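K.L.:
The whole structure should be built from the sequences, with the hints applied where relevant.
Same order as they appear, the protein sequences are chains A and B.
Oh and the first sequence: position 32 is 32 in this note's numbering, straight run, nothing missing.
Position in the second sequence (first residue = 1) + 1000 = this note's numbering.
Please keep in mind that the hints were generated in silico from the structure rather than gathered at the bench.
Keep in mind that this is a model prediction, so the values were computed, not measured.
The beta carbon of each residue, even a glycine, is placed where N, CA and C say it ideally should be.
Take these hints with a grain of salt, some might be off.
Unchecked claim - Pulled a few chain A residues facing chain B out of the computed Cβ check, cut under 7 Å:
| id | residue |
| --- | --- |
| 1 | 63 |
| 2 | 116 |
| 3 | 226 |
| 4 | 241 |
Unchecked claim - Covered stretches of chain B (chain A as the covering partner; in silico rule of three or more C-beta atoms under 8 Å from a C-beta of chain A):
| id | region |
| --- | --- |
| 5 | 1149-1156 |
| 6 | 1227-1235 |
| 7 | 1249-1262 |
| 8 | 1265-1274 |
Read off the chains here:
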Amino acid sequence: MNALTLTLVFVALLALAVLSVRWLAAFDEHSMVGRFGTPLLFGAWVLVFWQIGVDVFDVPRVLLPAPSLIGHALVTSLPVLADDFAQTVLHSALIGLVAGCALGFVVGVLIDRSPFLQRGLLPLASLASAVPLIGIAPIMVMWFGFDWHSKAAVVVIMTVFPMLVNTLAGLAESGHMERDLMRSYGASYWRTLFSLRIPVALPFVFNALKINSTLAMIGAIVAEFFGSPVSGLGFRISTEAARLNMGLVWAAILVAALAGSVLYGVLGWVERRATFWHPSIRSGG
Amino acid sequence: MASTEARSLWWRAGPVLVVGAVLLAIWYAAAVWLNAPQVIERTLSSQPDWGATDLIRLTLNMDRPVLPAPHQIVLDLVDSIFGWPIDSPRNLLFHAAVTSSATLLGFVMGTLLGAVLAVLIVHSRTLERSLFPWIIASQTVPVLAIAPIVIVILGSIGLTGLFPKSIISMYLCFFPVAVALVKGLRSPGVMELELLHTYAASRSHTFWKLRVPASLPFLFPSLRVGIAAGLVGAIVGELPTGAQAGLGARLLTGSYYGNTVQIWSALVMSALLGLVLTGAVAFAERALTPGGRK
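P.N.:
Laid out in structure tokens, this is it:
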């Protein structure tokens, strides 16, 4: 094939890609095709052009490995990556996420009763959002060792403040009318808390959970750059990048990305189930 | 008047001060408690009779404590800032300047990228449907995981120093800006849009006179999030390369040599830098949106 036919094929493919994505995008917004088909097709076309681009222009593997190479690395090193997944996601990120969110929520509920503590802690907790908390990682690695405990500790520190701030905001969300109604029922503090205020606070809590799911993955992976046993996605990425084994690096990134997306998706699904009454969910259909 | 003002100041600042003081006290207690085993093992066990005062004095002034006392960190900070010339690698302000220049470059690039994406998405239904879900998906992935690769890749084509780090900052910055701007540019209601339609306003007029001003209240909070995220990106970008300068490099060398005071003072410095950067954005917000923020 000469250059002209190649260019023609390329232009035809490009036209096909644009037309097919436009065609799918015109589908009804609420149908499965319209909601999931369009981004999926767009992603598939990106992969196709990525592969073509890497093959045609002979891009160095270090710069950008072809999707096929990444897929190959993913399949051949599946046991290694499964081990890394268990270390980073199941141990560091998830345990840290659960502990940090539980701590933030419980502290939020407790100090909600004391306006003094609220006014004292809330500004400090909001300041924490401007501070690169990830820097605590080397200290945690020194204190808790190389294994997943230190990473979970980093995740706890990163996730506790968003949860605290959002819990307090959520608990303040229930109006005077509703609280007065509960009081006229003779409901106790705890009854009001569980039947009214926590359910009303749930959208805020889920918001914090979703923010924290991303933070947890970041914390767990970055903390591994400061020292780690011989497994973990962050460890894999940094060591294989140093060895220029880019296929495996991108495969590890892919695993991390999928894990993060699945975590986020699951939280979103639970949120729609738990806060079905909220306007933002109702109108979303 | 003065007394009510003083009272409201106390009402606002008092609890923060009290909580801060309590945290500081807890910190000192924790420093004594955490450092005690090492002190006892290394120095005190050889002396026959030692009291609580010896223990406290030694635990709060260790060379490489498990947890340094706050005054040690402050002394280290002051010593590094005032004890060395500003361009010396021992001066933390030098490292802060390196990190903040990478942050700011990345912040500017990320804001521009986010704005361009948002404008494209608002004006094209196809792009909205195909691109927007991927912008969101791009953030559910741990973007910082890509930091070492970006550094290696850009290093292999000869780009080193400031630019690779700011790419990482950019990646973290563009998302909040893009999402908030899409929301903000869409915030004008049917009423406003139809009014401009009756004025026979062109598309670009509608954009500049209505959509852009309406998006500002959405833009600034996302800029504050963006610059904080960008700082994290720049710091993490300094980790994998064995970078010579920057707060991330300070953290890494501190952790290599077990120099805890150095880690903590770099940490405090990056916290201060984060506060200064978000404070600057908040200041710009107040200056640019008269009538106060939402």
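K.L.:
If a hint holds in the structure, say so; if it does not, say that too.
P.N.:
Do the hints match the structure? See the list:
1. 63: Holds. Min distance 6 Å.
2. 116: Holds, about 5 Å.
3. 226: holds (5 Å)
4. 241: With a minimum Cβ separation of about 5 Å from chain B (threshold 7 Å), the hint on residue 241 of chain A holds.
5. 1149-1156: holds (count 4)
6. 1227-1235: holds (count 4)
7. 1249-1262: Coverage by chain A holds for the region 1249-1262 of chain B (6 residues, Cβ < 8 Å).
8. 1265-1274: Coverage by chain A holds here, the residue count being 5 at a Cβ distance below 8 Å.
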